[in-house]
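**Student:** For the protein sequence lines, the chains are X and G, in the order given. Residue numbers 1 to 111, in this note's numbering, belong to the letters of the first sequence in order. Residue numbers 1 to 227, in this note's numbering, belong to the letters of the second sequence in order.
There's no promise every hint is true.
As the list claims (entries may be wrong) - Mimicking DSS-like on lysine-lysine, the simulated pairs with C-alpha atoms at most 27 Å apart in a straight line are:
hint, chain 1, residue 1, chain 2, residue 2
1, G, Lys173, X, Lys104
2, X, Lys107, G, Lys173
3, X, Lys97, G, Lys120
4, X, Lys19, G, Lys173
5, G, Lys120, X, Lys81
What the hints assert, rightly or not - Incomplete in silico selection of chain G near chain X, CB under 7 Å:
hint, residue
6, Leu84
7, Val86
8, Asp175
9, Glu179
As the list claims (entries may be wrong) - Negatives, chain X to chain G, calculated, CB over 10 Å:
hint, residue
10, Glu42
11, Arg43
12, Lys44
13, Lys64
14, Ile79
Since the hints were derived computationally from the structure, they do not count as laboratory data. From the three backbone atoms N, C-alpha and C, an ideal C-beta is built for every residue, glycine too.
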Amino acid sequence: MKVVEKDKVISGMLRDELKRCEEMLAGLQKHVAVLPKGVLSERKKRYKKKSYFYYTLKYRSGLKVINKHISNDEVPSLIKKLEQRRKYEKEMLAYGKRINYLSKILKSGKE
Amino acid sequence: MKITILHKKIYPADVLTLFQAFHDTGFFQDSMLIGSWVMPLYREAFSIQYALRTIDIDFAVRFVTADRGRNADLESIITALGYLPVTMQSGIRKYSRENFTIEFVVTRKGGRDDEVIAIKKWNITAEPLPFVDILLDSPFTADFGAFNLKAPIPEAYFIQKMVTAPRRQDESKKDKDLEQCAVIAGHVDSERLKTVVQSLKLSPKSKAALRASCEAIDFPPQKLGLR
Numbered sequence: 001m002k003v004v005e006k007d008k009v010i011s012g013m014l015r016d017e018l019k020r021c022e023e024m025l026a027g028l029q030k031h032v033a034v035l036p037k038g039v040l041s042e043r044k045k046r047y048k049k050k051s052y053f054y055y056t057l058k059y060r061s062g063l064k065v066i067n068k069h070i071s072n073d074e075v076p077s078l079i080k081k082l083e084q085r086r087k088y089e090k091e092m093l094a095y096g097k098r099i100n101y102l103s104k105i106l107k108s109g110k111e
Numbered sequence: 001m002k003i004t005i006l007h008k009k010i011y012p013a014d015v016l017t018l019f020q021a022f023h024d025t026g027f028f029q030d031s032m033l034i035g036s037w038v039m040p041l042y043r044e045a046f047s048i049q050y051a052l053r054t055i056d057i058d059f060a061v062r063f064v065t066a067d068r069g070r071n072a073d074l075e076s077i078i079t080a081l082g083y084l085p086v087t088m089q090s091g092i093r094k095y096s097r098e099n100f101t102i103e104f105v106v107t108r109k110g111g112r113d114d115e116v117i118a119i120k121k122w123n124i125t126a127e128p129l130p131f132v133d134i135l136l137d138s139p140f141t142a143d144f145g146a147f148n149l150k151a152p153i154p155e156a157y158f159i160q161k162m163v164t165a166p167r168r169q170d171e172s173k174k175d176k177d178l179e180q181c182a183v184i185a186g187h188v189d190s191e192r193l194k195t196v197v198q199s200l201k202l203s204p205k206s207k208a209a210l211r212a213s214c215e216a217i218d219f220p221p222q223k224l225g226l227r
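Build out the structure end to end from the sequences listed, making use of the hints.
**Tutor:** Next up, the structure:
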């Protein structure tokens with residue numbers, strides 16, 4: 001990466017970009033930390049010839065898999081939050097890739 | 001000054017959509033696009049060739065304490081376009097989408113060291129930075145047909161970078177500022193430059209900064225009214 005090595009402006013911009021991506025990733029992680037994780041699923045239960053539906057949120061906590069009952073009232077807001085989390089995680093993934101890419105360029109520029 | 005932009009594709013389609021949405025709220029009446037994203041406009045309107053561009057899209061916002069004009073929830077508009085709000089450690093909110101980030105800056109008032117300024121009129125937060133008013137006070141309008149976009153004239157951008165570059169603690173940012181100045185220097189209009197300089201009240205410290213930048217890029221300080 002001779003360009004990075006030689007051009008102070010380009011290498012400076014790449015370093016700034018790396019720092020910016022790291023700061024953004026930290027910000028995104030903070031948002032994700034307060035959003036619920038897991039998969040919402042609908043379950044069916046039969047009782048005295050009648051069928052009942054209820055929702056559970058399935059998520060991992062350490063080595064355990066938790067199935068948490070969710071009341072019908074909570075479902076719409078939970079779906080929204082889970083969708084929000086998915087979007088943040090997708091964005092985090094993009095920043096992670098970019099950080100790896102920029103780190104590689106800057107590292108090879110030093111070599 | 002209004003300049004018609006013939007080649008609309010100087011910006012990605014998503015970014016044009018963002019500008020259009022901002023225009024529709026009236027945002028560009030007193031605010032503008034700044035930072036390296038003005039460079040495609042300069043290339044198109046003033047033949048200034050500078051290819052490097054960061055991926056954060058910066059906007060300078062004029063701070064008003066009381067505003068009877070129309071208000072708009074810019075955050076809702078930005079998030080509706082698929083950007084995610086991200087609160088940084090300083091408390092400032094930026095907006096991110098596929099590695100693009102939107103940021104707002106506002107003029108930092110002397111003697112204040114706030115990290116974040118809330119702009120209630122637009123429901124956003126902005127980072128206070130010095131000398132942003134140099135840009136806001138000298139705008140030009142880029143006419144894209146379907147909408148107008150405001151940006152600082154190159155002479156104001158040039159002066160703002162020349163004043164701020166020597167104050168930068170980060171050497172790479174200083175080099176980037178001076179490199180941009182060196183490119184713009186060959187295209188500045190002396191009359192417009194004179195008007196921008198005359199509109200400023202520069203402190204001795206700022207004049208010294210301007211002299212240092214002039215020396216660094218080999219630009220005659222006399223053109224800025226300096227001895």
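**Student:** State for each hint whether it applies.
**Tutor:** Hint by hint, here is what the structure shows:
Proximity of Lys173(G) to Lys104(X) is assessed by CA-CA distance (about 21 Å); at most 27 Å being required, the pair is judged to hold. Distance restraint check for Lys107(X) and Lys173(G): the Cα-Cα separation of roughly 20 Å lies within the 27 Å cut-off, and the hinted pair is therefore satisfied. Of the supplied pair hints, the one linking Lys97(X) and Lys120(G) is violated, its CA atoms being roughly 35 Å apart against a limit of 27 Å. For the hint linking Lys19(X) to Lys173(G), the alpha-carbon distance of about 13 Å falls within 27 Å, and the restraint holds.
Proximity of Lys120(G) to Lys81(X) is assessed by CA-CA distance (about 26 Å); at most 27 Å being required, the pair is judged to hold. Among the interface hints, the one on Leu84(G) holds; its C-beta lies about 6 Å from the nearest C-beta in chain X, closer than the 7 Å criterion. A distance limit of 7 Å between C-beta atoms decides the matter here; for Val86(G) the minimum to chain X is near 4 Å, and the interface restraint holds. Taken as an interface hint, Asp175(G) checks out: its beta carbon lies about 5 Å from the nearest beta carbon of chain X, inside 7 Å.
Annotation: Glu179(G) was flagged as interfacial toward chain X, and the flag holds, the nearest CB pair being 5 Å apart, inside 7 Å. Every CB of chain G lies more than 10 Å from the CB of Glu42(X), the least distance being 28 Å, so the non-interface label holds. Listed as outside the interface, Arg43(X) is consistent with that label: its C-beta sits roughly 31 Å from the nearest C-beta of chain G, beyond the 10 Å cut-off. Every C-beta of chain G lies more than 10 Å from that of Lys44(X), the closest at about 35 Å, which supports listing it as non-interface.
At the 10 Å boundary, the C-beta of Lys64(X) stays outside the reach of chain G, the nearest C-beta of that chain being 30 Å off. Every CB of chain G lies more than 10 Å from the CB of Ile79(X), the least distance being 17 Å, so the non-interface label holds.
Of the hints listed earlier, the one the structure fails to meet is number 3.
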